[in-house]
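Residue numbering for the sequence shown follows the working numbering, beginning at 1 and increasing consecutively.
Note that these hints are calculated values from the structure, not bench results. Since we're looking at a predicted model, the values are computed, not measured. All residues carry an ideal CB built from backbone N, CA and C; glycine is no exception. There could be a bad hint or two in this list.
[Said to hold, decoys possible] For each label pair, taking beta carbons as the anchor points, the in silico distance ranges come out as:
(1) LEU97 <-> PHE6: 16 to 24 Å
(2) SER214 <-> GLN191: 35 to 43 Å
(3) PRO126 <-> THR249: 29 to 37 Å
(4) GLN156 <-> TYR232: 32 to 40 Å
(5) ASN205 <-> GLY34: 33 to 41 Å
(6) ASP147 <-> SER9: 42 to 50 Å
(7) LYS101 <-> ASP229: 26 to 34 Å
(8) GLY34 <-> TYR232: 17 to 25 Å
[Stated by the list, open to error] Capping the alpha-carbon separation at 20 Å, the derived lysine to aspartate or glutamate pairs in DMTMM-like fashion look like this:
(9) LYS243 <-> ASP229
(10) LYS3 <-> GLU44
(11) LYS203 <-> GLU240
(12) LYS203 <-> ASP229
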Amino acid sequence: MLKEIFVKSAMTYEYPPDGGTVPIIDPYDGCTIGCPYCFQLEDETWNTDLNVKVNISDVLQKELIQWNKEDTVYLGSKCDPYMEIERKYQLTRKCLLELSKLNLKCMVTTKAGSKLIFRDIDVIKPMGNKFTLLLGLSNLQQLSEIDDYTLMSNIQTANQLHRMGITVWVFITPILPGITDIDSMISAIDQDIPVFLDKVRLKRNTRPALRLESFIGNHYPHLIKTYKDIIYNNKDVYYEDIKEKWGKTERVKFVFESSNSTD
């Protein structure tokens, strides 16, 4: 159910496995992209409603007055800031406008394939190197619709924005054996764009693990053994092969690995 709500604070904080504190802005709480592997699914209350934080940009304006300009703000964790509902409410755009006014560093994470981000080029481009787009490619809907990765919406978006001078990093996280052809995906991405990779990291019997296992059984039954090995035995042959092949390539980074080397 969609709910319009008013918030008292615009910023929340997350604490990733590799340490540190990450300041997050979520214009919405909930997501319509529907990734079955999403770590947010561990929270049983998440995504029961789609909350629209109608006053978030006004609250953000006040919170940012004393913000340290050396700290990066991340936009999008409990939502995809460019999911289709943004077309109506424009809360992501409003938050970006507040960040740009104060010349703050900002990273926006999205997997949505709507190309709605091009609407905000007038805000993003003047931000220069203060803005980075973190564009996810493990969008299962897009992956199910194409054979030629040069036609994949998010890869086209990454390349187009990069050629416009926007800083773009792409994430293939998680790598989905039998679904994401990493060699072909990397080949389709402009060579100057950094590529971040990671394997499926799900604990058995958790909601994300069970959701992914069910999804694979329903849509890719021939891969069910592969994913059971990943979830229950921590055995991911494809990921190890990819790490061996790409581990020493400068533009390719492996998330949560101690180094970009297979040594």
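Hint by hint, here is what the structure shows:
1. LEU97 <-> PHE6: 16 to 24 Å: 19 Å, holds
2. SER214 <-> GLN191: 35 to 43 Å: Distance hint for SER214, GLN191 holds at roughly 38 Å.
3. PRO126 <-> THR249: 29 to 37 Å: Once the Cβ atoms are compared, 33 Å apart, the range 29 to 37 Å for THR249 and PRO126 holds.
4. GLN156 <-> TYR232: 32 to 40 Å: 36 Å, holds
5. ASN205 <-> GLY34: 33 to 41 Å: 21 Å, violated
6. ASP147 <-> SER9: 42 to 50 Å: With Cβ atoms ~45 Å apart, the hint holds.
7. LYS101 <-> ASP229: 26 to 34 Å: At 50 Å between Cβs, range violated.
8. GLY34 <-> TYR232: 17 to 25 Å: 24 Å, holds
9. LYS243 <-> ASP229: 18 Å, holds
10. LYS3 <-> GLU44: It holds: about 18 Å lies between the C-alpha atoms, which stays within 20 Å.
11. LYS203 <-> GLU240: 19 Å, holds
12. LYS203 <-> ASP229: 12 Å, holds
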